[in-house]
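Undergrad: Listed below, chain by chain, are the residues.
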Amino acid sequence: MRNSGAVLILSFIAKLISQAAGVSAPGKPRLTSCRSPEKETFTCWWEPGDDGGLPTTYALYYHLENSETIYECPDYRTAGDNSCFFNKNDTSLWVNYNITVVATNALGKNISDPVEVDVAYIVQPNTPENVTAVVVDEDQGPFVRVSWEKPRTADTRSGWITLQYQLRVKQKKDKEWEEYDAGMQKYYNVFSLHPDKEFMVQVRCKPDHGFWSEWTQTTYVKMPDYIPRERSLWIMITIFSVFIVLILTWTLNVKRNSVKLCLLPPVPGPKIKGFDKQLLKSGKSEEVFNSLVIQGFPPTIDYDDLLVEYLEVYDNEEQELVLDSKDLSEDCMKSKSPSDCDSGRGSCDSRTLLLEKCMVGREGSRSDQHQYSQHGETSWASTESSECQGLEPGSPEFSDGRVKTWPVVFSSPQPHHHYQVEAVKPVYHSVPEILNHSSPHAMPANYQNLQHQDIPQQEGRFGKPACRHSQSYTHGLDTPAPGVSPSRSLEYVEVQRINPENMLLLRPLSDQNREPEGSDYAGEDYSKVKELTSNNILLLQRDTSYQCADGYSQAGQCTTQQPPHPCKPVIYQSHSGMPQEGMRVMGNGYVDTTVLMPSY
Amino acid sequence: MSRSLKQVAVLLVALLCLDPHSRVSSAPICTHGPSGCHVPSLADLFDRVIQHSARMHSLSNDLHSEFEQYFLPSKNSIGKIYRKCHTSSILTPNGKENAQKLAREELTEVILKLLMAWRDPLFQLHQSMAHQQDFNSFSSNKALEMGDMAHELRKGVEKVAEKMRVLGMLGNSVTGLSAAETMLPISDSGEAMSNYELLYCFRRDSNKVQNYLKILKCRIVPEHDC
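Protein chains in written order, with UniProt numbering: chain A, 1 to 600; chain B, 1 to 226.
If you're looking for bench data, these hints aren't it; they were derived computationally from the structure. All values derive from a computational prediction rather than experimental measurement. Among the hints, a few may not be true.
Said to hold, decoys possible - Label-pair ranges, simulated between beta-carbon atoms:
| id | chain 1 | residue 1 | chain 2 | residue 2 | range |
| --- | --- | --- | --- | --- | --- |
| 1 | A | E47 | B | S137 | 42 to 48 angstroms |
| 2 | A | Y226 | B | R165 | 54 to 60 angstroms |
| 3 | B | Q100 | A | R152 | 15 to 21 angstroms |
To be verified - If you want the ones that stay clear, here's a sample from chain B, every Cβ over 10 angstroms from chain A, calculated:
| id | residue |
| --- | --- |
| 4 | V13 |
| 5 | V39 |
| 6 | Q69 |
| 7 | E97 |
| 8 | V110 |
| 9 | S140 |
| 10 | K159 |
| 11 | I215 |
Said to hold, decoys possible - Here are some of the chain B residues that sit facing chain A, going by a computed Cβ distance under 7 angstroms:
| id | residue |
| --- | --- |
| 12 | A14 |
| 13 | R48 |
| 14 | K96 |
Note that beta-carbon positions come from the ideal geometry of N, C-alpha and C, so glycine has one too.
Work the whole structure out from these sequences, hints included.
TA: This is the structure we're talking about:
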């Protein structure tokens, strides 16, 4: 009891002292690897642990599987430090060895972890020997033949070990090795090495179940400088290219012309109309240049071409006057009523002959609007009250306060008021006249605006005033506008041109529709705008003589003025409330604003 | 017409029967070597057998490492194999000298014994692997293939032995294995060995077989590869 206690105390003190002195029991050693080079012997190496500051001895112990007998390592020296070498007598194959290493020093010992080893599976042969690499010159080109020998220790002769070999080649500057498997043979031919270069060769081997050996020392070999003579390949290439060249040449020859066209596109020669090259060559420049002169250049402006407009006028239930003309262009743009311009009854953006100015914000005068449809009396004033002043006789219906294209087309007889033809002879510029043949009493609703009197006895002469000139209407309510019976068919009046006197020359479009009704239509084709008065009255001038129908109220000018000049001014006036702004055509004529602009 | 044909046939048969020499007897297909069909030489036979054993061993190696990888994560653990392999009763040379000391006949016999001993255990192994859910079909197929290979190898070695005997290289001491030689893989404690143990043991034994065959070959036909 006391002894044990004393021993304990002593050991404790010793430990403390040793710790204070920095010495301790050894650390745990560790078996690193065991290897057999020829499957007959093997060696195990361990790694010593911390020696604890004291000299430490290591011992290796082992026991075979299923046997408790522990043996110690027979040879600690042959294989070097920290190793144990098992010779042939101590090596048994296909038996597990249980190996441990014990480190002992003055203060204690430490045992490593046990390791199980079966010698048959830890074979790592030595490196092959006598590696030689020679350059062999052959017809196809030189190659390198590498040969070697088996490692001395490996006994392949008895079949105890079978080795397979591997070699690798590279140039000095290369990073990667080129590896080749040689199988069990002891030589290898390396082809396709670059000429005039030095190569490094290494070989290693492996048993059928085991580890690869180390690579041998590098063997150097230098390839000779040679030109690879791959004759057959070059011959083939040459033949092939010759063949292709022949084909190309033949193709080019066949397609000579198109090639020429492609490469050298023809330069287009000068093409001047009337230019005669021969003349130029002959040297007569005058003739040449004379031929260039084009007769009739510059072209005279034919306003007919410019100002052709076609009014699509048609009658509808509400007796809207639809004007497919440009008069409404401005109106439409300015008018606030939505649907007019796109009513499809006419294009609004064309510049009509009839000049008008849209009165913006003339809503106030809307009250003046009357139902043209009803009476047709409403003066122009009412029309003017709308934003778009309009024009015309046959005034557009201002139900919505805008000028609508007034339907000149009298499609159906309507119980509308007839216009007094005589009194009013609207000149429709670019207004197609649709004559209602059905009944003479067919009153164009359009004209109702002009008058509110039915003129049943009117012959259908609407639409086509006897005097085909712009008539002046008085919009007076009481003005019995002469019913203008539409004559026959649609007629379009168009502004032909503007003469230097700023007159709008109108002419009907289709003369063929005109019935020879005698004096009514005697030669009256157009009327031109004579002038624009200060109160924005468009004076239309009548060029040719015409016969005035009776019944013109204020259009009696035609009679009166006839003698003095062939042209009869037609005055469009708006009597009541006609705004003075802008220019309005009070009659049936439309003046194209663009044409008349300069006249302002 | 038919009558005459019949008569001819009868005559022919009679002639054949009457001829004492024309007896139909079985003859080997290739009685003469080079003139007849190609007869594999002993070296060829050995090569085939050795290749077969190499394949068998690699299969067993694969299965074993698969097993170790998936079912025994701890390598080098103590007490990995407690039980002996059932073939440990067969005396096998465990070194080169020992193997070279053995006569050819004994060596051949050892090989055959080993192969015979594994016939049933391999079948059992395949059965148990097929039943277990852990193995995929690939592994159990490998086990089946292994069993077939062992069987074939045994047959091949028997043929080699036969050939050697014919060539006079082998004495007549090599006899067929008796039924008593077949062993059951029962360990000392009487329990059946686990799959892993079976695989471990078979891997080792296939290595032995391969090695012994090589030694035998290089001893008998040392021309090439030796």
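Undergrad: Of the hints given before, which are not true for this structure?
TA: 7, 11, 12 and 13
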